[in-house]
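S.K.: Take a look at the letters that make up each chain.
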Amino acid sequence: MAFDKKSWMAIKACIFLLSLLPFILLFKAAIQDQLGANPVQALHYGFGDWALRFLCIGLALTPYKKITRQSWPSRFRRMIGLFAFFYASLHFLVFIVLDLSCSWEAFKDEVPKSPYILMGLLTFFLMIPLAITSTKAMQRRLGANWRKLHRLVYVIAITALIHYFWLVKADYSRPLVYALIIFLLLAYRILRFFLKKSNKSHSVWARE
Amino acid sequence: MLIKGKADILGSEITDRAVFESRRQFIKAAVAGSAALMLPGLADAESGKYADVLTGPYSEPLVPTNYEDVTNYTNYYEFSTNKKDASILARALKTRPWSVTVEGEVGKPGVYNLEDILKDNPLEERIYRFRCVEAWSMVVPWIGFPLGEMLKRFEPTSNAKFVEFTTLYNPDVMVGQRSSVLEWPYVEGLRIDEAMHPLTIMATGMYDDELPNQNGAPLRLVVPWKYGFKSIKAIVKIRLLENMPDTAWNKSSPGEYGFYANVNPDVSHPRWSQKRERVLGSNIFTAKRNTEKFNGYGEQVASLYAGMDLKKYY
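Protein chains in written order, with the numbering used here: chain P, 732 to 939; chain X, 191 to 504.
If we strip away everything but chain X, and leave its shape as in the complex, we get:
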């Protein structure tokens, strides 16, 4: 299918790069300054590994959420169902060497070394809104590359209708996997057109540096128009399939978490409204933000779901 990029955006709508960069530098300096007191080692985030990576298309000049908030408030049930604990426990994970197994309906299956994947796929920065199904949101400057470009290199066959992703299974380190809150390993999936959409990226970094473990290092999916649980972390396997894969939260509670999981204020979760979201890092007296359909990316992705009943395919 033909995918129209966001080429029709006015130049004046985009913040001038110099202005944007200086703002980023200011924010980064502020983060480094306040964090340096508590977290040594973070102070050099300013000169992060990916500081030279350029901002790619589809990045809006949004102000990123504080680094501390993004790194201490993570849903990573492989480590803990407590967001803060998960961010501490995840430190134990070794993310190198790392490889990704590619299987299924592809011309070039195999076990690919992460370094080779990163060499083949030029990195860019994507500043995206991220909306969790728990009705909170943040803005993250990811470092990554389009998933579609990577998948093309594996030469999907014409039978490839879906993509399935699997997280590492290692209960020795991922201590949350020792209890059966979810079926392990965590599995997520996309329809092939969703996977090939240029908004969909594989991230390996954020805030100009490598991904912290709790945010899904060394390789995670980011699908900005879907609820966060679709954006699977620490990926070790990618399978191209003819049929829709079973996904972790869908298996756990099919009535609550659908395969599509598109951000949609008009379709409530059975137990809570999705109309508003708490923006992480905001002051306690700040009201919640109104959630946008497709998390504000409707212009780019709504056409993928033309004619589909989004209340049924939630």
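So that you can see chain P by itself, here it is in the shape it has in the complex:
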């Protein structure tokens, strides 16, 4: 799409505000006491859901570009990724500050015994290096290693899913929806990887 620089900035600002909207709405509901009987859980789950959604959106950008040959959404890849980290951070903060009330005692009682919380913490910690190295300067500094490092996002998607599955009591329908989306997005990449490989070997054969 042919837009000038100013228009791109405007589009970027719109996407930024749109991505911030879930936070604004949840925050407003919390202040106005409209989160229901268990507001801490509502905030905690709300932020967790949005972290996972932004992760899915972020993973969808490359396949979208390859399939439609439209590269403009990929311009926002860093922003989307950072929003996934933003919501994951809020999810983590609500857990530490509101759920555990910053109590080390509570942390010791509740965290080591909960495989799903441990998996959640692992997921969050894996996101930190990606957020830190998300700047253009870091990208340049790390060179080829940057791409390798950022492949961690595939691991993150999977550990996030496991975190969700391990938490659920009996009804797996919601984590299954995310699992299906993430499966398709990862399967696309695997398929492309193998297709490329076989194409390469074909051309090698042809030359011989």
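Since no wrong hints were added, every one of them can be taken at face value.
No more than 20 Å apart at the CA atoms, straight line, and that leaves these computed lysine-lysine pairs for PhoX-like:
(1) X:Lys-483 to P:Lys-844
(2) P:Lys-900 to X:Lys-441
(3) X:Lys-465 to P:Lys-900
(4) P:Lys-900 to X:Lys-273
(5) P:Lys-844 to X:Lys-465
(6) P:Lys-879 to P:Lys-867
Quick list of simulated restraints, FRET-style, between CB atoms:
(7) P:Ala-862 to X:Phe-475: 24 to 30 Å
(8) X:Asp-436 to P:Glu-836: 34 to 40 Å
(9) P:Leu-926 to X:Phe-475: 52 to 58 Å
(10) X:Pro-312 to P:Lys-839: 44 to 50 Å
(11) X:Val-253 to P:Gln-870: 55 to 61 Å
(12) X:Glu-339 to P:Val-899: 35 to 41 Å
(13) X:Phe-475 to P:Arg-923: 44 to 50 Å
For the record, the hints were derived by calculation from the structure and aren't laboratory data. Every residue gets a Cβ at the ideal spot worked out from N, C-alpha and C, and that includes glycine.
With chain P held as given, fit chain X onto it using these hints.
M.R.: Same frame as chain P, now just chain X:
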């Protein structure tokens, strides 16, 4: 067995009835006032059907959780696994006429009309703590009667060692039963001494009025020292049995939900700690409450489990 009541409680420990009532009236007025804006029809909760029912024994002067919180945050998988959706979908259930089938090791089996059951069993109010296995809790002023008194009228035989309860199965209305998240109908059970314990009640109302559908209308079990999933809703069948019945959550995940399911902060659920609980309706900055063994009813019920390894029989 001999069951000692809570007779040794000091008179001074119990809030004076007048003080308590005025507090209740204040709370009720507050609930009605705030709810009236959103839910017409709730405003007359103050003059509920059971407003004259007296508070029975074992009721501590606890402050009940907000009515709105108790009625909009319910685990009722027969309708939905989403607590809010379940409370809306449950409105479709017709709770009259209603009957309860009594079978098994009893002298007087039969199909009993709910109205007859209610006529035979004088109602009283019981204000109990309620602790869910999901680590949240609330305080509910139930209206009901002791299960034991009702069971005695059916004349259990000496072979009756367990009681099994079954929820209504009606996937046309109970839309959650169309998917197999649990094995339907929902079944729960108690050991006979647990069932006969005076703390165990059958509830038909709460907050001075009839039970809202989402809270288990028209007849549900309330066992305050056990996790909430034991307190089965919308009961249509009671069987007295010689052997321990298979119960719904136990069938679904035996490693996670035992038959006894006594509230116990020392025995973690395999996936989360049970040491603390989120009190419903509390402010977001309020810390969780420390969970008490037997949900604080140990004085009355601990003797039922004397000599039992509660880590094994969770």
